[in-house]
Amino acid sequence: MAHILLRHRDVKNIHQFKVYEANGGYEGLKKALRDFEPQEVIDIVKKSNIRGRGGAGFPAGVKWGFIPKSEGRKYVVVNADESEAGTFKDRELLENNPHQVIEGALLCAYAIGAQTIYIYFRGEFMHTAETFEAALKDAYSNNALGANIFGSEFSCDFYSHYGAGAYICGEETALLESLEGQLGQPRIRPPFPAIEGLYSKPTVVNNVETLANVPPVIINGPDWYLNIGTAQSPGPKIACLSGHINQPGNYEVPMGTPYRELVFDEKYGGGIPGGKAFKALLPSGGSAPIIVEEALDAPLTFEGLAEYGSLLGSASLIAMDETVDMVWAAMRIVHFFRHESCGKCTPCREGTFWLEKIYIRLLDGRGTEQDIKVLESVAHQMQGRCLCALGEFATSPVLSTIKYFPEEYRAKLNGHPATVLRESEWNIEKVKA
Amino acid sequence: MLSEKYSDEIKAILEKYPEKRSAVLPLMYLAQEAYGYLSREAMVDVANNIGIDPTEVLSLAGFYTLFYEEPVGKYVLEICNDLPCALRGADEFVDMACEKLGIGVGETTPDGLFSLKTVMCLAACDKAPMLQVNLKYEEELDEEKFDALISRLRTASDEDGSQHFGVEAFKRSLK
Ligand SMILES: Cc1cc2nc3c(=O)[nH]c(=O)nc-3n(C[C@H](O)[C@H](O)[C@H](O)COP(=O)(O)O)c2cc1C
Ligand code: SF4
Ligand code: FES
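Those protein sequence lines, which keep their order, are chains V and E.
Residues 1 to 433 (my numbering) are what the first sequence spells out, left to right.
Residues 1001 to 1175 (my numbering) are what the second sequence spells out, left to right.
Simulated from the structure, these hints should not be mistaken for laboratory data.
Fair warning: there could be bad hints in the mix.
Each computed DSS-like pair below joins lysine-lysine, with the alpha-carbon atoms no more than 25 Å apart [unchecked claim]:
no. : chain 1 : residue 1 : chain 2 : residue 2
1   : V       : K267      : E       : K1127
2   : E       : K1127     : V       : K279
3   : E       : K1171     : V       : K137
4   : V       : K201      : V       : K69
5   : E       : K1016     : V       : K201
6   : V       : K357      : E       : K1117
7   : E       : K1136     : V       : K137
8   : E       : K1074     : V       : K137
9   : V       : K276      : E       : K1136
10  : E       : K1136     : V       : K12
11  : E       : K1020     : V       : K201
12  : V       : K137      : E       : K1016
13  : E       : K1020     : V       : K137
14  : E       : K1100     : E       : K1074
15  : V       : K12       : E       : K1127
All chains should be built: construct the whole structure from the sequences, respecting the hints.
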């Protein structure tokens, strides 16, 4: 089946304006400018039920509909911070199919009445964003950006902006703070960005992949889109496969594809290397609870893992084979969140600090029965008390690994042979127990 | 210094935003390039250009990991050893790199050529082990490729641009 999002895999050089255009590119925008009022674009996106691919699954059309209809400056911000462990789908789109993202953002701008779009790249994309920036120039010189786009009344500018290394800047309000030149710390909501976003103006923040879904929907209509995937989670989804997997990479699949197929099918992950047995899967990088074998038949949808206590998130599937020490894996994820906590609120800042300390103690063979209880209690105390979802994310590897692999925790107690932590792990941030 | 050396870049950056403050991170990148690292002097320069207090630049420098407040090597090697990469051998790769360069994580070689850091996920987990050299991707590495990379960098001329920390992105927007 031809790709809807990863179109560069079917069409060579689609990163060039002319090639994109010759293959139906910018037809969605032209059609909207010619045939649809802005509100009609919002209605089509609403009806198609494109749900946010940045992790939360919020319907894009509903979000766009929150923007006040009043006059005045409004903004579209493309979230290209992509920093969740195991996630590399937006990067592939930005590097190879940039015009589809630009067109999607322009459709959003037209729909909400914005004349300025910013794309917020994580700083580490500085060099790799070169293709995207070339595409912006190309779009300007072909009148897809700038004044009176394709001869219409609609004018819009598109600027790129770079972060500088901070996972939290993927959280949309932290991103806006960062774009305003501040520390990337989340804002207290309400007000929501739709009302007071960038420079206190109404703002839509959407993920790269979300926006790439928009042009084909405008061209083909909501019914076409609703026929792909499942009733509640329509459309295509890019799953990122990493870890212990034979064929790591991005795979565009219809929503609803079973996790088992993604991991084991020859078309996708192709199973676990070296004939080893599958042990566990992180379905959304470090930010969602781990799942085990019994959950693999669940469909890849926003709600598919609910009965197993987990979620789709960014669909970054990290596979782990039978050799992985789950206490070690949980420590590495907790380390990530301790490192990335922005420090604004106490439960997250202190909680992640203590979680990491206890993990290092356990792995060093100095743990006690009490430590496992403390891990659970710290995690519970963080839940529901953090300003943004990062604090919540940090608890998921802890509680889910304790739930599924309690014996691995107990095996660490009372001076049992410790997991050997190498110097680089100890030193990661010089956090010694 | 900043305003003389990069006047065109600064002008182009400022034109993007309705509020000057948004230009602070871009100017910090430029300053890092101009001064070699984000020294106190560099921060004051940024602050003067934006019209904010230098302590605000200092706090931004502490918050964002891509700003170096201490001198770093000409080439900053940032090896990802986040979980997905670690599952594909990144930890062993870090050890190997340390041994080859004769330095530990967070250190710089005595000749000032290489600094080695470990970093969190760089959105290249399917290509592990991997690293960035001054923000450029080097993927699907092994010992042999690492050796080749290091010898290439050792002999690279100053003009080939690879020693920069990202100033090209701001130059790009001028063309
Ligand atoms: C800690 C944290 C990190 C996040 N990182 C990203 C990210 O890197 N990219 C992204 O698109 N969304 C990220 N999000 C989600 C955004 O806050 C936001 O929901 C999303 O950009 C909205 O776009 P969407 O509706 O199109 O998904 C993150 C959220 C949190 C709490
Ligand atoms: S939960 Fe953590 S990351 Fe989020 S605002 Fe609080 S301290 Fe910052
Ligand atoms: S974990 Fe290393 S690039 Fe993602």
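Verification of the hints:
no.	hint	in the structure
1	K267/V - K1127/E	18 Å, holds
2	K1127/E - K279/V	22 Å, holds
3	K1171/E - K137/V	14 Å, holds
4	K201/V - K69/V	12 Å, holds
5	K1016/E - K201/V	16 Å, holds
6	K357/V - K1117/E	22 Å, holds
7	K1136/E - K137/V	22 Å, holds
8	K1074/E - K137/V	31 Å, violated
9	K276/V - K1136/E	34 Å, violated
10	K1136/E - K12/V	24 Å, holds
11	K1020/E - K201/V	16 Å, holds
12	K137/V - K1016/E	15 Å, holds
13	K1020/E - K137/V	24 Å, holds
14	K1100/E - K1074/E	17 Å, holds
15	K12/V - K1127/E	22 Å, holds
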